[in-house]
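K.L.:
In the order they appear, the protein sequences are chains L and V. For the first sequence, the working numbering gives the first residue as 1, with consecutive numbering after it. For the second sequence, the working numbering gives the first residue as 1, with consecutive numbering after it.
In short, the hints are calculated from the structure, not lab data. Since this is a predicted model, take the numbers as computed values, not measurements. Some hints could be false.
Simulated crosslink set (DMTMM-like; lysine to aspartate or glutamate; CA at most 20 angstroms straight-line) [stated by the list, open to error]:
(1) V:K103 with L:D248
(2) L:K4 with L:E159
(3) L:K181 with V:D205
(4) V:K105 with L:D251
(5) L:K42 with L:E377
(6) V:K105 with L:D248
(7) V:K67 with L:D252
(8) L:K271 with V:D205
(9) V:K77 with L:D244
(10) V:K134 with V:E113
(11) L:K218 with L:E81
(12) V:K218 with L:D252
(13) L:K271 with V:D187
(14) V:K105 with L:D252
(15) V:K166 with L:E261
(16) L:K129 with L:D244
(17) V:K105 with L:D253
(18) V:K103 with L:D252
(19) L:K150 with L:D346
(20) L:K178 with L:D252
(21) V:K188 with L:D260
(22) V:K77 with L:D182
(23) V:K67 with V:E25
(24) V:K67 with L:E44
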Amino acid sequence: MNQKRFSIALAGNPNSGKTTIFNNMTGTRQKVGNWPGVTVEKKEGNIKKFGYDLKIIDLPGTYSLTPFTIEEIIARDFVLEERPDVVIDIIDASNLERSLYLATQFREIDCKVLFALNMADVARSRGLKIDDKKLSELLDLPVVFTVGNKNQGIDTLLEKAIELAESSYEIPKKRRVKYSKDIENSISSLKSFLENWTEGSIPYNPRWTAIKLLEDDKIVKKRVLNEAGKNSREILQQAQIHRDFLMDRFDDDPEIVMTDERYGFIAGIIKEVLTTSAKQRIDISRNIDLVLTNRFVGFPIFLFFIWAMFQLTFSLGAYPMEWIDIGVNFVSKSLVHVLPNNLFKDFLLNGVIAGVGSVVIFLPNILILFFCISIFEDTGYMSRAAFLMDKIMHLIGLHGKSFIPMLMGFGCNVPAIMASRTLESEKDRTLTILITPFMSCSAKLPVYIVLAGAFFGARAGSVIFGIYMVGIILSIVTGRLFRSTLLRGADAPFVMELPPYRAPMIKSLLIHMWDRSKIFLKKMGGIILIGSVVVWILSAFPQNISYSLDYNSKISETKASYNAEIETAHESGKKLLAKQRDDAVSELIKAKKTEKAEKSFMGSIGKVLAPVFAPIGIDWRGSIALLTGFVAKEIVVSTMGVLYAADGTEDSAALKNALLSSGMTPLGALAMMVFVLLYMPCLATVAAIRRETGSFKWMIFSVVYSTSLAWIVAFCIYQGGTILAV
Amino acid sequence: MKRVHKREKEQFKKLFKQENIDHFEDRFNILEVFLQTEHHVSVAELVRLLKEDGHQFTPDFVRDTLKLMCRFGFAQKRRFNNGQVCYEHRHLCQHHDHMICTKCKNIFEFENEELENLQVQIAGAYNFHMLRHKMEIYGICSKCLKDHVQLMSLVNAKQGERFEIKDFIGGATAHMRLLSMGLRIGDKIDVVTNLDSGQLVIAIDYNRYALGRGLAKKILVEPVVR
Numbered sequence: 001m002n003q004k005r006f007s008i009a010l011a012g013n014p015n016s017g018k019t020t021i022f023n024n025m026t027g028t029r030q031k032v033g034n035w036p037g038v039t040v041e042k043k044e045g046n047i048k049k050f051g052y053d054l055k056i057i058d059l060p061g062t063y064s065l066t067p068f069t070i071e072e073i074i075a076r077d078f079v080l081e082e083r084p085d086v087v088i089d090i091i092d093a094s095n096l097e098r099s100l101y102l103a104t105q106f107r108e109i110d111c112k113v114l115f116a117l118n119m120a121d122v123a124r125s126r127g128l129k130i131d132d133k134k135l136s137e138l139l140d141l142p143v144v145f146t147v148g149n150k151n152q153g154i155d156t157l158l159e160k161a162i163e164l165a166e167s168s169y170e171i172p173k174k175r176r177v178k179y180s181k182d183i184e185n186s187i188s189s190l191k192s193f194l195e196n197w198t199e200g201s202i203p204y205n206p207r208w209t210a211i212k213l214l215e216d217d218k219i220v221k222k223r224v225l226n227e228a229g230k231n232s233r234e235i236l237q238q239a240q241i242h243r244d245f246l247m248d249r250f251d252d253d254p255e256i257v258m259t260d261e262r263y264g265f266i267a268g269i270i271k272e273v274l275t276t277s278a279k280q281r282i283d284i285s286r287n288i289d290l291v292l293t294n295r296f297v298g299f300p301i302f303l304f305f306i307w308a309m310f311q312l313t314f315s316l317g318a319y320p321m322e323w324i325d326i327g328v329n330f331v332s333k334s335l336v337h338v339l340p341n342n343l344f345k346d347f348l349l350n351g352v353i354a355g356v357g358s359v360v361i362f363l364p365n366i367l368i369l370f371f372c373i374s375i376f377e378d379t380g381y382m383s384r385a386a387f388l389m390d391k392i393m394h395l396i397g398l399h400g401k402s403f404i405p406m407l408m409g410f411g412c413n414v415p416a417i418m419a420s421r422t423l424e425s426e427k428d429r430t431l432t433i434l435i436t437p438f439m440s441c442s443a444k445l446p447v448y449i450v451l452a453g454a455f456f457g458a459r460a461g462s463v464i465f466g467i468y469m470v471g472i473i474l475s476i477v478t479g480r481l482f483r484s485t486l487l488r489g490a491d492a493p494f495v496m497e498l499p500p501y502r503a504p505m506i507k508s509l510l511i512h513m514w515d516r517s518k519i520f521l522k523k524m525g526g527i528i529l530i531g532s533v534v535v536w537i538l539s540a541f542p543q544n545i546s547y548s549l550d551y552n553s554k555i556s557e558t559k560a561s562y563n564a565e566i567e568t569a570h571e572s573g574k575k576l577l578a579k580q581r582d583d584a585v586s587e588l589i590k591a592k593k594t595e596k597a598e599k600s601f602m603g604s605i606g607k608v609l610a611p612v613f614a615p616i617g618i619d620w621r622g623s624i625a626l627l628t629g630f631v632a633k634e635i636v637v638s639t640m641g642v643l644y645a646a647d648g649t650e651d652s653a654a655l656k657n658a659l660l661s662s663g664m665t666p667l668g669a670l671a672m673m674v675f676v677l678l679y680m681p682c683l684a685t686v687a688a689i690r691r692e693t694g695s696f697k698w699m700i701f702s703v704v705y706s707t708s709l710a711w712i713v714a715f716c717i718y719q720g721g722t723i724l725a726v
Numbered sequence: 001m002k003r004v005h006k007r008e009k010e011q012f013k014k015l016f017k018q019e020n021i022d023h024f025e026d027r028f029n030i031l032e033v034f035l036q037t038e039h040h041v042s043v044a045e046l047v048r049l050l051k052e053d054g055h056q057f058t059p060d061f062v063r064d065t066l067k068l069m070c071r072f073g074f075a076q077k078r079r080f081n082n083g084q085v086c087y088e089h090r091h092l093c094q095h096h097d098h099m100i101c102t103k104c105k106n107i108f109e110f111e112n113e114e115l116e117n118l119q120v121q122i123a124g125a126y127n128f129h130m131l132r133h134k135m136e137i138y139g140i141c142s143k144c145l146k147d148h149v150q151l152m153s154l155v156n157a158k159q160g161e162r163f164e165i166k167d168f169i170g171g172a173t174a175h176m177r178l179l180s181m182g183l184r185i186g187d188k189i190d191v192v193t194n195l196d197s198g199q200l201v202i203a204i205d206y207n208r209y210a211l212g213r214g215l216a217k218k219i220l221v222e223p224v225v226r
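Bound conformation, chain V alone (with noise of 0.2 angstroms):
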């Protein structure tokens, strides 16, 4: 484990040099502290951490060295049930591989023997001198298959269909104004017309509003079986 450190912060110095990033020694002195510990941390625990070891320094700095580091891939953000936002190491080499889901962003660790094989086979039938790889399989993970495969427009709706309201995209300002007026996620909604490249009717209970198409594509929707 030491010497994996000691390869990480030679790439934190060149990294953070290279960037021109300030305040340098603090900042690896947090580094240091934060390599040192073996589970996940939040901001307020590395300030005590870092108080322990004789560094005294302010959490909204502390935050923001916890942020470079999750950009240049030394540390990763993490959200737990309880809402806190904790950091955790992220190793660049491990002899573990990722697989990472793009819709809610978790992490799926995976160990495949004969992969680890096939690529030092791979390296060597080229006369590749491999020192370390890094495997991250993109997509998305079974649970949101399973939750979001439904998924679809309310712009998409036909005349006559009933649908659940799933998500909201797009800016604040129009969310703000769909959970005003009294449509929120979890809504059950009927589609009463929707013409073609016109407004949409859609009823919820003994309520009824017309909605522009361009605020109606930003509504996910799934449909509600009868």
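Next comes chain L alone, as it looks inside the complex (with noise of 0.2 angstroms):
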């Protein structure tokens, strides 16, 4: 069946409820990836309605077509370059004046408009009646009423919206914005020197274009400049003299004389469309923020929250891990006695098994954290909690806004990097970027707490506390240092609109949490398992080792010989010798596998590497289990486990025993915690460096910062140590 195809355009306000209503449009068909060049979340949904085929794109949400930020520049430049059939601008109708200052904007572009007044219901109990008849004879364009969060009013929305793509459509002359005099002459006689010079070159609408101009607007300007040929100096000028003359006849910016008027027109449609009953009732976010955002007790209750969201995400999340990781070790404990003894099966298990279960077992802690950021973010708290913490992050340089990423960063740094796209200025997100690792993350904690419980007994927590203060520390440190010299950037004139206290649905809940959980297990889940194949290669290989000793013909001698005496033996005996048996076999077994580790290429490497971590009191198993947890840090305990001859369940008795017997030193341990700390992320997080920033550079520039700022630190934690000893 051959479909007609509409694409539609979702733009609007931030919190105009522009998501709800693409999440109830959509539903669960959405596809999420990137803008094109930047990393502005783009989201788009393909649904079949009334019989045509219609493709909805859910534009980031601006104030104005005014290029300030990304996001601007995105929508503006969506609707001008990819032309969409319709645009379908979502007005809060509670706040309707401020809405109509973009829906000016889009009314000047050449583009299909339709408004959705939505939260009609906010608006009707705050006593306004907007009469829709009027507003869309005044602007000659649809107008339907929506509540989003109700689903009411979309199919109504999607009906008008397919009927304003079928019909022809004709420029309005007389609906737009009508500048004063000077303006009007202004932008005349730009446009038809615009139309006489360029001979079309310029793809937009001559008008709007002059506007822009005259408010010397830099893309449209630099689009000007290239697409006009010759002429383009000329008509700059132009524009340069025109802007001169009104700033002269103004004594302001073109640009705000416009803006004002554009304001001045706008209250006239207010006058006419807005009724205001009496009732003026008190504004509940603004009693809440009274409270929360509080000089006093706002940020103990901030704190509160960030404690009882870690709480749930470990607490709660401890108990569908286990059953993970009963599901995995059923699964390997399945294959073990399925499939028969070759390298393949050995692969299978060691390799794939093992090392996707490693991340497997981390999703509940993402699913909930992302559960519970999403709250954060649905119910209005999210921003509130940037501006709480500005005064703390400006001691790095940031904004309060890179405060968000950076508490994600504790749980896992791969959704924690994808939160700082979020971040305005380019050199803002560059830096949260650079110092998120610092950050420890939940999978080096399994290290920690096998390391300090070994080393440091009773006083194991105090450690690691101090442990995540150092990563806090050095980030600081290296936020300001990297503010002064390679990231200096104005600080931007920073406003942020605190939205209104909301319940959310959980339905966007669910639809949140699941589109990051979703890129978290699809991208990291392959790279992973690309990375836990390349460490099983490295201690599989080569296959072939002269083993010191003929570790199989041992075994077996043993067994025969414990076998013997078990059959001789009284029955109270048979226990015992039975267990002796086993003990000696396994014995057998780990010294086998200790042996096979050390001869491996891994083993090979690790001894290769063993000199340049000597200094800092890791000997060449340590370095190993190092270079393993650059795949996912959670592996460094397992390697840890193989190569300390322990058995491999982590956090166990028997790894903190072999692990004092094997001649590590309490300093040495606090050496390795504090390298794993800081030394370079996992491979993961590198490939969410390279995407988010964009730059091969920065990636290696921050695998390379971390590596050595550990291994300094560590250095001088280790030798300052031996030497305060002596």
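Could you use the hints to bring the two separately framed chains together as a complex?
P.N.:
Now the structure itself:
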């Protein structure tokens, strides 16, 4: 069936309920990607409705189409370049005046616009009555009332959108903002200049282009310079002359005068369509803010929420983690019995299942963490958190908004680095990405637990806390260092809207949570899979190692001798002997494993690296463990388990004992923990850094910087401690 | 009056030659025509007058020359209620003196016989031969004093206070940003929180904003009595 295809773009102010409407329209049929070249999330959904194929695009929330932020540039470029069939401007009906500012700008570009007066119920409860017919008549476009969170009016909206897309469109000449005489003169003279001199080489509406040139719009200027050929300089000069004239005439920048006049135009519309009944009720959100952003109690409350989030993530997450662990174990155990003993089995069990299993086990944590963060976002608390943290984040030279990625870094660096895309300034984003890996992620915790538990006993808790603090302090130092050298940036004027507090909708919480977790699973799962396979290959090959001892015959020898003893022994002694036999056998297997590890490629690499790690008190086994930690930090513990010849299970008492008897000192353990805290992020994080900074340079820089910092700090601790101890 | 103009023309020659300004002859013609007028002229009018006098100049050139004349103190820019920019003479030697408001840039003329005499006396006491004098008092006019005395920067606001936004200082970008987010001159705002050396939370109707200190410094407000 050949159905008609239309593309519909959703635009609107932030917090106008755009995403809710998008979720209602598309449900789970969403595709999350990036806008080309930038790291702003792009959401699309394809649906079939009324016999049409509709492609719904969720544009980023913007206040205007003046290109200040990436979001605004994206939204504008999309409408101008991709030319969607219809643009639905979602308007917060309870905040009509400001919403119309964006709406009038859409009216100035030649595109088919449709208004959705969203949150009609909120507007009504505030005593606002909007005459939709009048509004539709004044601006010459369809207007639909919607209540996004109750899914009201969405079908009508789509119906009207299709109707509009089907209709032949005429540019409404009289429904635009009309500026004062001098500005109109400048616009029309510049417009005719454009029409005469560019011969249609500028792809946009000439009037709009003229307006933008008068507003000194950098992007439009650049495009005119590129497209208009030899006359482009002249056009820009002409525009500058008009700008100077208007500047002189109004004693203010033309863009500000024009903005004022747009608001004047809007005020005229408001007067005709909006009636306010006298009931002026108190703003509940404001009253909540009096408490939650209060200078005394705001911060403690914030700390409580964060504490509660982590508590929930790790305590509630422990149960499903256990189930997954059991599940993975079950799968590998059953495979042990089913598959024949060969290289492929080893590959499947120790390479694929062990590797992927070690990541999947963190899925519950990630899901809960993202669920909590979605709650913070959807209720509107997140922007308050950014507000409260702003003062502290200024220590590093960042805005409060950077706090969110850094906070998420304690859970997992990958989503944390992905969260940095909410930052507007590119320099802020890069800086945040560079320091986030110093937030000790949850995968590093097992390493601390094992090492601190083995060497510091009762004081383990304080030591681990100290390690976390070292990470925070070094992130501040790093931030300040880079802010004053590599990423020196002007302090952009900071203004952020604090959205009203809303009860979150479970559906959108789940969609948000799943969107992010999906990225984690898909991309990171792939990388970890490849990484685990590499680690497996390095540790499994070369296959034919010449062992110093013929373990296999020794094992069967031991077994045979014990079995013979058991045969002759008394009933009571049989059990004891059987246990002794098993112990002896597993002792031999461990010895074999250790030797195998030592003689594998991995072992050779570890031996080569040993001189590098020696000054910081880490032997060749530790170096290999750290090396494998590049794939995923949680592998450090399991590698240690193999190399120190203990049972493979994490943080077991056996590994602790093995570590204690391996000759590692408490100081060495401390140095190792600090090294684990600081050294290069895991493969998945490195991939995320590459993607979010969009450059290999920053990725390499991050790896080199963190690893050298780790070595230096560990060196200072180990050597300094040794000197002090003597 | 003739005499005064002669002196001004001499000064004009001296100054413009000194500063190596181009098209001296053309500009001098403009000056002559300008000095013949005895009221406020706009650029367009002056172009017309020049044309009547047989000179053909572009408005841009005339505006440029007028700007130079303003710089050297021969003319002065005036903006009247209809917003149109006009230029008028600024005579350096007239019998009245000026008070100049640094805020609204308005110039107030005053005459005081005693002051004139006093100046002659003072000069005489020092055995100084006075050719001419210039008396300019800079300050804030009574209207501006009334309007602006209570303006303060939002950054100094306290929690719970109510203000009206009166002015934005600083660059056009920051100003535009605030405008597009719905913060405009004339809006009544409530200060919800003001963290010491941190950000501020303000509320307008049902909207709330967090503002950086740097930006809050650029917003001038006046307290609203509730």
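K.L.:
Within a Cα-Cα threshold of 20 angstroms, do V:K166 and L:E261 meet the stated pairing?
P.N.:
holds (18 angstroms)
K.L.:
For the pair supplied as a hint, V:K105 and L:D251, confirm whether the alpha-carbon distance does not exceed 20 angstroms.
P.N.:
OK: V:K105 and L:D251 at ~12 angstroms, within 20 angstroms.
K.L.:
Are the Cα positions of V:K77 and L:D244 separated by 20 angstroms at most?
P.N.:
Cα-Cα ~15 angstroms, so holds.
K.L.:
Are the Cα atoms of V:K105 and L:D248 separated by 20 angstroms or less?
P.N.:
holds (15 angstroms)
K.L.:
Need the status of pair L:K271, V:D187: alpha-carbon distance at most 20 angstroms?
P.N.:
holds (17 angstroms)
K.L.:
Straight-line Cα separation of L:K129 and L:D244 no greater than 20 angstroms?
P.N.:
violated (43 angstroms)
K.L.:
Is L:K181 close enough to V:D205, meaning Cα to Cα at most 20 angstroms?
P.N.:
violated (33 angstroms)
K.L.:
For the pair supplied as a hint, V:K105 and L:D252, confirm whether the alpha-carbon distance does not exceed 20 angstroms.
P.N.:
Holds, at about 15 angstroms.
K.L.:
CA of V:K67 to CA of V:E25, is that 20 angstroms or under?
P.N.:
holds (16 angstroms)
K.L.:
Holds or violated: L:K218 and L:E81, Cα atoms, limit 20 angstroms.
P.N.:
Roughly 17 angstroms between the alpha carbons, so the hint for L:K218 and L:E81 holds.
K.L.:
Regarding the pair L:K178 and L:D252, is the alpha-carbon distance no greater than 20 angstroms?
P.N.:
At roughly 19 angstroms apart (the allowed maximum being 20 angstroms), L:D252 and L:K178 satisfy the hint.
K.L.:
Measure nothing beyond the straight line between the CA atoms of V:K134 and V:E113; if it is 20 angstroms or shorter, mark the hint as holding.
P.N.:
Status holds; Cα separation ~15 angstroms.
Hints 3, 16, 19 and 24, counting from the list given before, are not met by this structure.
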